Amino acid sequence: MKEVISTSAAPAAIGPYSQAIKTGNMLFCSGQIPVNPATGEIPEGIESQTRQALDNVKALLAAAGTSIDNVVKTTVFLADMSLFGAMNSVYAEVFTEPFPARSAVAVRELPKQVLVEVEVIAAL
1 MKEVISTSAA
11 PAAIGPYSQA
21 IKTGNMLFCS
31 GQIPVNPATG
41 EIPEGIESQT
51 RQALDNVKAL
61 LAAAGTSIDN
71 VVKTTVFLAD
81 MSLFGAMNSV
91 YAEVFTEPFP
101 ARSAVAVREL
111 PKQVLVEVEV
121 IAAL
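Note that our numbering gives residue 41 to position 41 of the sequence shown, counting from 1, and the numbers run on in steps of one.
Since the hints were made in silico from the structure, they are not lab data. What you are looking at is a predicted structure, and each value in this text was computed from that prediction instead of being measured. Heads up, a few of these hints could be off.
[As the list claims (entries may be wrong)] Quick list of the computed label-pair ranges, beta carbon to beta carbon: (1) 41 to 123: 31 to 37 Å; (2) 44 to 123: 32 to 38 Å; (3) 93 to 39: 18 to 24 Å.
Glycine included, C-beta positions come from ideal geometry on N, C-alpha and C.
Model the full structure from these sequences, guided by the hints.
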């Protein structure tokens, strides 16, 4: 059984997908891009974009009754691997030990031409 998790504190789904799905004791969050859900604006620069994307992730986690501390896996999509160091610095401000498992890849293009997208899996 799966339960849809949604919140207005993160950008709304713009296609046939859910913001997050809860099944059993796991939460699967769709990738979050750095769109401010209140204004629709996208901040400039990889550091600000990473912070906004992670704020959106935190909002989904809160809507499911969990937090960043329960994230077990992240996937970070970058517009270019040259952005990795700056993204990683912000990432390290948000996640603490024991750090979640992580993949980070560069992709050809991200929605709305953003620089970063972050998806997570969390335990509940």
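Here is what the structure says about each hint:
1. 41 to 123: 31 to 37 Å: Hint holds: Cβ distance 32 Å, inside 31 to 37 Å.
2. 44 to 123: 32 to 38 Å: Distance hint for residue 44, residue 123 holds at roughly 34 Å.
3. 93 to 39: 18 to 24 Å: 23 Å, holds
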